[in-house]
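Okay, here's what each chain looks like letter by letter:
Protein chains: 2
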Amino acid sequence: MTTTDLRIDIDRLLHRLHALGEVGALPGGGVCRLALGDEDRRGRDLVRGWMDELGLRVSIDPIGNVVGVWPGAEDGPPVLTGSHIDTVRTGGLYDGNLGVLAGLEVIETLQEAGVALRRPLAVAFFTNEEGARFAPDMMGSLVFVGALSVEEARATVGIEGATVGGELDRIGYAGTAPPMPVHAYVELHVEQGPVLEREGVQIGVVQGVQGISWTEFTVHGVSNHAGTTPLALRHDAGLVAGSMVAFVRRLAREIGGDQIATVGRLRLHPDLVNVIPNRATFTVDLRNTDEAALQQAEARVHAEVEALARAEGCTVEHRPLARFEPVAFDRGVVDRVEAAARELGLSTRRMPSGAGHDAQMLARICPAAMIFVPSVGGISHNVKEHTEPADLEAGANVLLRVLSDLAS
Amino acid sequence: MTTTDLRIDIDRLLHRLHALGEVGALPGGGVCRLALGDEDRRGRDLVRGWMDELGLRVSIDPIGNVVGVWPGAEDGPPVLTGSHIDTVRTGGLYDGNLGVLAGLEVIETLQEAGVALRRPLAVAFFTNEEGARFAPDMMGSLVFVGALSVEEARATVGIEGATVGGELDRIGYAGTAPPMPVHAYVELHVEQGPVLEREGVQIGVVQGVQGISWTEFTVHGVSNHAGTTPLALRHDAGLVAGSMVAFVRRLAREIGGDQIATVGRLRLHPDLVNVIPNRATFTVDLRNTDEAALQQAEARVHAEVEALARAEGCTVEHRPLARFEPVAFDRGVVDRVEAAARELGLSTRRMPSGAGHDAQMLARICPAAMIFVPSVGGISHNVKEHTEPADLEAGANVLLRVLSDLAS
Numbered sequence: 001m002t003t004t005d006l007r008i009d010i011d012r013l014l015h016r017l018h019a020l021g022e023v024g025a026l027p028g029g030g031v032c033r034l035a036l037g038d039e040d041r042r043g044r045d046l047v048r049g050w051m052d053e054l055g056l057r058v059s060i061d062p063i064g065n066v067v068g069v070w071p072g073a074e075d076g077p078p079v080l081t082g083s084h085i086d087t088v089r090t091g092g093l094y095d096g097n098l099g100v101l102a103g104l105e106v107i108e109t110l111q112e113a114g115v116a117l118r119r120p121l122a123v124a125f126f127t128n129e130e131g132a133r134f135a136p137d138m139m140g141s142l143v144f145v146g147a148l149s150v151e152e153a154r155a156t157v158g159i160e161g162a163t164v165g166g167e168l169d170r171i172g173y174a175g176t177a178p179p180m181p182v183h184a185y186v187e188l189h190v191e192q193g194p195v196l197e198r199e200g201v202q203i204g205v206v207q208g209v210q211g212i213s214w215t216e217f218t219v220h221g222v223s224n225h226a227g228t229t230p231l232a233l234r235h236d237a238g239l240v241a242g243s244m245v246a247f248v249r250r251l252a253r254e255i256g257g258d259q260i261a262t263v264g265r266l267r268l269h270p271d272l273v274n275v276i277p278n279r280a281t282f283t284v285d286l287r288n289t290d291e292a293a294l295q296q297a298e299a300r301v302h303a304e305v306e307a308l309a310r311a312e313g314c315t316v317e318h319r320p321l322a323r324f325e326p327v328a329f330d331r332g333v334v335d336r337v338e339a340a341a342r343e344l345g346l347s348t349r350r351m352p353s354g355a356g357h358d359a360q361m362l363a364r365i366c367p368a369a370m371i372f373v374p375s376v377g378g379i380s381h382n383v384k385e386h387t388e389p390a391d392l393e394a395g396a397n398v399l400l401r402v403l404s405d406l407a408s
Numbered sequence: 001m002t003t004t005d006l007r008i009d010i011d012r013l014l015h016r017l018h019a020l021g022e023v024g025a026l027p028g029g030g031v032c033r034l035a036l037g038d039e040d041r042r043g044r045d046l047v048r049g050w051m052d053e054l055g056l057r058v059s060i061d062p063i064g065n066v067v068g069v070w071p072g073a074e075d076g077p078p079v080l081t082g083s084h085i086d087t088v089r090t091g092g093l094y095d096g097n098l099g100v101l102a103g104l105e106v107i108e109t110l111q112e113a114g115v116a117l118r119r120p121l122a123v124a125f126f127t128n129e130e131g132a133r134f135a136p137d138m139m140g141s142l143v144f145v146g147a148l149s150v151e152e153a154r155a156t157v158g159i160e161g162a163t164v165g166g167e168l169d170r171i172g173y174a175g176t177a178p179p180m181p182v183h184a185y186v187e188l189h190v191e192q193g194p195v196l197e198r199e200g201v202q203i204g205v206v207q208g209v210q211g212i213s214w215t216e217f218t219v220h221g222v223s224n225h226a227g228t229t230p231l232a233l234r235h236d237a238g239l240v241a242g243s244m245v246a247f248v249r250r251l252a253r254e255i256g257g258d259q260i261a262t263v264g265r266l267r268l269h270p271d272l273v274n275v276i277p278n279r280a281t282f283t284v285d286l287r288n289t290d291e292a293a294l295q296q297a298e299a300r301v302h303a304e305v306e307a308l309a310r311a312e313g314c315t316v317e318h319r320p321l322a323r324f325e326p327v328a329f330d331r332g333v334v335d336r337v338e339a340a341a342r343e344l345g346l347s348t349r350r351m352p353s354g355a356g357h358d359a360q361m362l363a364r365i366c367p368a369a370m371i372f373v374p375s376v377g378g379i380s381h382n383v384k385e386h387t388e389p390a391d392l393e394a395g396a397n398v399l400l401r402v403l404s405d406l407a408s
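Protein chains in written order, with the numbering used here: chain A, 1 to 408; chain B, 1 to 408.
Isolated chain A, as found in the complex:
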């Protein structure tokens, strides 16, 4: 039997997804396993137990990243797959978990078929990908690739005051494994967006991750009585903010391509029906796969808010909240993903990832790419997150094929 005829066992994969989903399960469905909390520890223990059952060599590094390695015929850096098992407060069963458990399923499928690969094949789950309890997100993979020091990561204080280091020690996941070279990295993930479902496409061939620019703007005006202050004498901070909400949508349409723009947060002060707002705070989230276009969008947002504020006699200040350049995945690995899907008779679509993933960190140290499967309704970070079993199966089979190729 050649590896091209192999298929993963969807029932076994679903069984593991549901078993892990019971750890930290929420009453109405969904799951809450915030990074390094007690539920995360129980989830880690469960997945580690499965790694042991598959005979993987499990190592834990100082930030709590867990890697299970299945040795190959030759030594050398492993072909790595994986993702994360921490969740947001109202998370689903698939975000992150799918990539980790599909990795185990691929190894079990290969082991059952008696396949021996040339290179080691490994499955990782990275610490605190979500950033829901400790900032920044993708912390484990950032440390894994050497972009964030263990000391700095351990010192991070979470939303309720505990530190990453303290929690790692408490749950027993502060390991000692040294940095690990990686031959290539492929991550299977749910799309978390509506594109694949909307277009009826089975596999998203992820070419890269959009660059992200988050800025918080605060406009300062003057509060006055909404009934006694003529229009010409107003300094309405809310008007500047509201106009910017409309502007960023126009801007994104105008720039076109992958450009998207969102005002997700907006607050007025004093927020009273008959008082002209003296302060408006809002965020602008800009994303593009092209760094030059992203910079152009940023410049136009700043120019527009300054012009609007000036016209209204307001002042404006801004605070950068996050900035990541776009990441382009390795063309060779991306092509392999596309080829594997097509060989399996699956429809494909090249696309960027709009969300951040551990794969973008791994791309700094090795050829990397991602495989997306459809999210029903595009819903994620929500207890209603769902992906159909047939799509989970298709994605895992693509992963099986790509990992087998890379490790042969």
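Read the hints as simulated data drawn from the structure, not as lab findings.
Cβ coordinates follow ideal geometry from the N, Cα and C atoms, glycine included.
With the C-beta cut set under 7 Å, the calculated list includes, among others, these residues of chain A facing chain B:
#1 Gln-192
#2 Trp-214
#3 Asn-224
#4 Gly-242
#5 Val-245
#6 Thr-262
#7 Leu-266
#8 Val-273
#9 Val-275
#10 Ala-355
#11 Gly-378
Not the full set, but computed from the structure, chain B residues with beta-carbon under 10 Å of chain A:
#12 Ser-223
#13 His-225
#14 Leu-231
#15 Gly-238
#16 Ala-261
#17 Gly-264
#18 Ser-375
Given the coordinates of chain A, work out where chain B should sit on it, guided by the hints.
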């Protein structure tokens, strides 16, 4: 000495304004005397004491309106002046208080000069004009003119659970005076807006009160990931709300005249930087002295929000918060105010009131008008509220002259 040569004593008026301002004084300046609270009782007792000292016949009606009548040579309905002495939580020394204490000052000036008027002259302070603790505002004058029943007013529950009736009984201001016919009503008030100061005008001749239309709109969209949801697939409730903020300003400019429009309150849900808002709630405050124009503005706001929601695949619902038709003051009394100011050598400007005042309720039962004096910086409902003594004096002298005319 004829009454036209009389002038009020600004020092005596200032003394009373400051004495009343010490009741419920805030540490950093300003005052808090919420309607029917302990500070309001102490303020009422103080002003009532002054009425007693001037020999006025004091009556208290069932909603706690207090009227001090100085008898005239003939019986019959009094010429009434007044305002309110309750304040907002961070109120100033002049809003309301000026109209009441200037009324007392006018009577004391006339008494000292030995003037005997034909008609009774009376000063009132009306209960709960501000509405800061109990809704609606202008409650006392609403009951005074028979537009709200005592029973309904007493049953009103305030922001911390107490009722108007319970508080009236507790502070001893539930009186028994029967409804009082009024010959004419004139109210002196600070402008609470920037127009007089900006134009260097001393006296605002108030022709009426703007009609007010307050509506709360709630737009329902769909929350989705700001990074993974293409523009074309969004149902962004925040975009509709933001676009409306910009629209109402354009609309007010386009309608012109007295039309003003404000979005003072706006909230997004879930209000997160990287989540498309699935709900946006905002208020629209429209004001115009012309009822037809106000209705046109309302219709255009509704049409625009419906169109914007439809274009974004959102739905919208609305809830009326308040609606008052414009009030036109009595031409005869308005003309007298203007003439009196000019005879005193004061500059005048005819203008509408953008805020609500007890005078608009009194206008339902008698000829009524108002006199405005400048507010420094247009600031009101704020501890920084200020009017220059020279302007207080000018306003009170106009009041003296108009009341003397009306009562002769």
